[in-house]
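Sequences listed follow chains A and B, in order.
So the number in the numbering used here is just where the residue sits in the first sequence, counting from 1, plus 27.
So the number in the numbering used here is just where the residue sits in the second sequence, counting from 1, plus 340.
Everything labelled a hint here was simulated from the structure, so no lab data went into it.
Quick caveat: nothing in here was measured; it's all calculated off a predicted structure.
Glycine included, C-beta positions come from ideal geometry on N, C-alpha and C.
Keep in mind that the hints are not guaranteed to be accurate.
To be verified - Facing chain B, according to a computed beta carbon distance under 10 Å, are these residues of chain A, among others:
{"id": "1", "residue": "Asn29"}
{"id": "2", "residue": "Phe48"}
{"id": "3", "residue": "Asp57"}
{"id": "4", "residue": "Asp59"}
{"id": "5", "residue": "Ser63"}
{"id": "6", "residue": "Arg71"}
{"id": "7", "residue": "Leu100"}
{"id": "8", "residue": "Glu103"}
{"id": "9", "residue": "Leu104"}
{"id": "10", "residue": "Ile126"}
{"id": "11", "residue": "Leu128"}
{"id": "12", "residue": "Ser132"}
{"id": "13", "residue": "Ile133"}
{"id": "14", "residue": "Ala276"}
{"id": "15", "residue": "Glu371"}
{"id": "16", "residue": "Asp373"}
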Amino acid sequence: MNMMILIGLMLSLSLAWVVWFLKNPLADNDIDLRQSNIGLGKQRKAELQRDLEQDLIDQEQFDLALEEISSTLAIELNQSTTTVRESKPISALTWLIVIMLPIFSIGVYQSLSTYSSTVNTTTALESAPLSLEQSAEKIKQHLVDNPSDAQAWKMLGLSYFELNKIDESLQAYEKAYQLNPKDARLLVEYASTMISANDDQFTGRPVELIKQALEIEPNAPDALYLAGLFAVSMQDFNLAKGLWNKALAGLPEGSVDRQALLSILAELEREQNPKISHTVTVNVAIADEILAKRSNEDFLMVYVKSAVGRPMPIAIEKIKIKDFSGQVSLSDMNSVMPTKLLSEHDQVLVVARLSRTGGAMKQADDLQVVSDIVSVPSNPTVNLTLD
Amino acid sequence: MIIEIGHFALVLALAFACLQVILPTVGLLKGSFSLAQLSRPMLWAQFFWTVVAFAILMNAFVVDDFSVKYVANNSNTELPTMFKMSAVWGAHEGSLLLWALILSGWSVAVSILSRRIPSEVLNHILIILGLISVGFLLFLLLTSNPFERLDVIPAQGRELNPLLQDFGLIIHPPMLYMGYVGLAIPFAFVLSSLIRGQLDSTWLRWSRPWTLVAWSFLTFGIVLGSWWAYYELGWGGWWFWDPVENASFMPWLVATALVHSLSVSEKRGAFKHWTVLLAIAGFSLSLLGTFLVRSGILTSVHSFAADPERGLFILIFLILVIGSSLVLYAWRASLMKSQNAFAWWSKESGLLINNILLVAAMLSVFLGTLYPLLLDSLGLGKISVGAPYFDAVFVPIMIPAVLVMVIAPFLRWKKDTLIRSSSVLKPVWFVIAILFAVSFWLVDNQAVLFAVFLFIWITLHSLSLLINRLRQKGNMSLSFIGMIMAHIGIAVFLLGATVTTQLGVEKDIKMEIDQPIDIKGYTFKFKGVNSFTHQNYQGHKGEVEVYFENELITSLKPEKRQYVTGMPMTEAAIDPSLTRDIYVALGESLEGDAWSLRIYYKPLIRWIWLGGLFISIGALLAAFDRRYRPSSQRAAVNRERVKS
Numbered sequence: 028m029n030m031m032i033l034i035g036l037m038l039s040l041s042l043a044w045v046v047w048f049l050k051n052p053l054a055d056n057d058i059d060l061r062q063s064n065i066g067l068g069k070q071r072k073a074e075l076q077r078d079l080e081q082d083l084i085d086q087e088q089f090d091l092a093l094e095e096i097s098s099t100l101a102i103e104l105n106q107s108t109t110t111v112r113e114s115k116p117i118s119a120l121t122w123l124i125v126i127m128l129p130i131f132s133i134g135v136y137q138s139l140s141t142y143s144s145t146v147n148t149t150t151a152l153e154s155a156p157l158s159l160e161q162s163a164e165k166i167k168q169h170l171v172d173n174p175s176d177a178q179a180w181k182m183l184g185l186s187y188f189e190l191n192k193i194d195e196s197l198q199a200y201e202k203a204y205q206l207n208p209k210d211a212r213l214l215v216e217y218a219s220t221m222i223s224a225n226d227d228q229f230t231g232r233p234v235e236l237i238k239q240a241l242e243i244e245p246n247a248p249d250a251l252y253l254a255g256l257f258a259v260s261m262q263d264f265n266l267a268k269g270l271w272n273k274a275l276a277g278l279p280e281g282s283v284d285r286q287a288l289l290s291i292l293a294e295l296e297r298e299q300n301p302k303i304s305h306t307v308t309v310n311v312a313i314a315d316e317i318l319a320k321r322s323n324e325d326f327l328m329v330y331v332k333s334a335v336g337r338p339m340p341i342a343i344e345k346i347k348i349k350d351f352s353g354q355v356s357l358s359d360m361n362s363v364m365p366t367k368l369l370s371e372h373d374q375v376l377v378v379a380r381l382s383r384t385g386g387a388m389k390q391a392d393d394l395q396v397v398s399d400i401v402s403v404p405s406n407p408t409v410n411l412t413l414d
Numbered sequence: 341m342i343i344e345i346g347h348f349a350l351v352l353a354l355a356f357a358c359l360q361v362i363l364p365t366v367g368l369l370k371g372s373f374s375l376a377q378l379s380r381p382m383l384w385a386q387f388f389w390t391v392v393a394f395a396i397l398m399n400a401f402v403v404d405d406f407s408v409k410y411v412a413n414n415s416n417t418e419l420p421t422m423f424k425m426s427a428v429w430g431a432h433e434g435s436l437l438l439w440a441l442i443l444s445g446w447s448v449a450v451s452i453l454s455r456r457i458p459s460e461v462l463n464h465i466l467i468i469l470g471l472i473s474v475g476f477l478l479f480l481l482l483t484s485n486p487f488e489r490l491d492v493i494p495a496q497g498r499e500l501n502p503l504l505q506d507f508g509l510i511i512h513p514p515m516l517y518m519g520y521v522g523l524a525i526p527f528a529f530v531l532s533s534l535i536r537g538q539l540d541s542t543w544l545r546w547s548r549p550w551t552l553v554a555w556s557f558l559t560f561g562i563v564l565g566s567w568w569a570y571y572e573l574g575w576g577g578w579w580f581w582d583p584v585e586n587a588s589f590m591p592w593l594v595a596t597a598l599v600h601s602l603s604v605s606e607k608r609g610a611f612k613h614w615t616v617l618l619a620i621a622g623f624s625l626s627l628l629g630t631f632l633v634r635s636g637i638l639t640s641v642h643s644f645a646a647d648p649e650r651g652l653f654i655l656i657f658l659i660l661v662i663g664s665s666l667v668l669y670a671w672r673a674s675l676m677k678s679q680n681a682f683a684w685w686s687k688e689s690g691l692l693i694n695n696i697l698l699v700a701a702m703l704s705v706f707l708g709t710l711y712p713l714l715l716d717s718l719g720l721g722k723i724s725v726g727a728p729y730f731d732a733v734f735v736p737i738m739i740p741a742v743l744v745m746v747i748a749p750f751l752r753w754k755k756d757t758l759i760r761s762s763s764v765l766k767p768v769w770f771v772i773a774i775l776f777a778v779s780f781w782l783v784d785n786q787a788v789l790f791a792v793f794l795f796i797w798i799t800l801h802s803l804s805l806l807i808n809r810l811r812q813k814g815n816m817s818l819s820f821i822g823m824i825m826a827h828i829g830i831a832v833f834l835l836g837a838t839v840t841t842q843l844g845v846e847k848d849i850k851m852e853i854d855q856p857i858d859i860k861g862y863t864f865k866f867k868g869v870n871s872f873t874h875q876n877y878q879g880h881k882g883e884v885e886v887y888f889e890n891e892l893i894t895s896l897k898p899e900k901r902q903y904v905t906g907m908p909m910t911e912a913a914i915d916p917s918l919t920r921d922i923y924v925a926l927g928e929s930l931e932g933d934a935w936s937l938r939i940y941y942k943p944l945i946r947w948i949w950l951g952g953l954f955i956s957i958g959a960l961l962a963a964f965d966r967r968y969r970p971s972s973q974r975a976a977v978n979r980e981r982v983k984s
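With the rest of the complex left out, here is chain A:
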């Protein structure tokens, strides 16, 4: 069914609804505000009587409350006014609403809808959702009458690509490129398809297309991503990192693309810097007089923090005094954040804290000792004494 007909039906239904209720207004529910308040006052009195019978209040309170209910009711009755509540058909506004409702609805819809522009370029897609084959077929039909619609050629290229018809996809993209070589998004898609067709090899024209795309939109994340892949193929990992970090700036927080790119960057980092795991061994001696004053349920927190910068723990071990053997080993396993491993740090401080609560913030009665700066790569052993 044509969309205009449907919209017409919706408007007719809406107008019929309004007109019906203008001609047949809802009747009053026959509840007067004064009567309502009087009824509630009586209900309160009944509740009060029940409270008295159940000995929840004494006679004096009952009398006082009864007086209050009466005076409240008197005030309420004094405030309320009686209004005429007769329902009769309204004809004065009917024509105004019949004219204004369609004008308002269609006007707002026209100003907000992006549908018309889509129709111009892709009438074929009116009855979405379509299968990819149907979609490609309809775009082709559209292009018979509109051979210079670059946007439609681009969509056809994408549809063929998704259908794994790479040759047809390349032809469609080429047509789109001839018509609009300044569309950065098209250039990236075209280049990406070429690379796929070429067994993921970055040679020749795709590289040129990526360069063109970046000239048009220097911060386009997809172009930067492809450029990064090209850099990797050239073994220039630092360039790749630079390009991908730049791409990250254009991707919204929490987006799936951003997450994927972060994973790739982390992988690249691991490839470039194979992880060497280090351990910091900490011997903690606690004076007997302190132990005597403390509960066995108190916590010993041993952690490592950076010697400079934020005082956030890098790696931590929290144990109850009763479970403590005298030595704690901190390694990447104890790292607070998986992205900031202990082994990735060089100069650190080691802290041992005796805490009643085991909370992150230092409390007034916590005992703490901090080591001198130690170097993580040397797998140091640190001796600390709490006295």
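Go by the hints and put chain B onto chain A.
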């Protein structure tokens, strides 16, 4: 084309919301009752078109219509149908559409079920609700259109955030929104009364059941959110003082104060100032919550939509709502003067103290949530306010509130004496003292001991009240049972929260195959990890056998999933019970067959949600009390007639 019909349906919903405001307003101003009576039909039409729009959007998700930007961004063909449907409210635009739908749904419920409210009062209320609908529908259409089309249709959609692919998401947001939006009803009742200049018994009586239902949903929504965060986020925590959690907690605290304040206003005509302000504050905080979550000014797991333009819209809306409400309040302040005085030792005083403490607690959360944002926005630096602040500020305020909470129901209205009330309470306190002394020998953790004391304190007071009422063969109304249930719910929650925080054990450990690890009397044996593939993710499934006294009690299978879009997720395996949960999450693969695992022992953690459930059910029971039924008022009038 069907999408455009959905979009147009939303525009028609806006048109009818405007008519819902304009026609009755003109009617009231011109004295045309017939015109004023159009508020209900216009509302029903608004609701109808919002339902149509919502159904069309849901259909777009089910049939994978990726020509719709919102669908393409939040769903893909691999997503199970159940999650495709719930993905409708998985991100910003759909959430807002759900907001608008629930608001119109609540309004329809008020229009149909408020049979004892005079038509002219109801018309005023529906005008206010219509105004709020106009605001939200405009917000949807101007800044967050869920029906926006894509020029280029992707063959495959993106993915609904894996965190949200869970049963918890299907029900948590709708329940929370039912609570948030439900607070619009007492707000509309109050504003209509202020506009009419009649702060009478009618609005007080009939707004309370709606407030109780909204409060019940809000409680249930928060409980569901906490439960969902516990098992889905893989941290094993149940509350993080996350700003978005706080955004739902602040209206809850105010709504708690409001249901109590309404009870006093309704029965004794006192606290009208309080009630009006709390109703305004409750809905304003709901809007603030929406502003905080949807503006993107927060950095938290909930900030799925970061768009300052949207934030600005809600901020302006918020300022308009609060500003106009307070102006009305100031204008009508003289009408709220109460002649009904009460003594310092009375039920009214007890409830007032509780109300003040609840509002103070809300302000402490408000400060801890907004102060860092304020500093940041003024360029005065970044500070982080977390659990230590809330533990130090919020908890001490709530302790006296909890202590007073169960004393107030024993006191008499208006005026009581210490001698009378203490003589009633003495036996209870005696039993409490004995039980506490026993606990003193059994529990050596001070915080737990205090929680046990509070648990005994609340439970025994509540049970004593119940026994007294039974003994007097008194009125066992649903309101009374609801109150007892909600108060015991607080006790259950408090004990669960304290015990799990204080006595829980959390271990992050490396486990070799068949290597036994002992935690709190349980032995855990890691049996290895297998790969598996599911409809829209693949991953690793570990197996951990749990033994108690050398007997296998369960085999837990935590998962580490990789969704089709590459997003990793940890799916914890939990052995739940009323006394403790055993929680195992799979970490990273280490050398050989070893893996890092997170093993938590969480005593009484289920009590946290059980307590919340008690409160929610208690509120619902109170809402369905006999005196809120139309027949009750008729019965009272008849009784009066018979007597006279």
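- Hints the structure fails to honour: 10, 14, 15, 16
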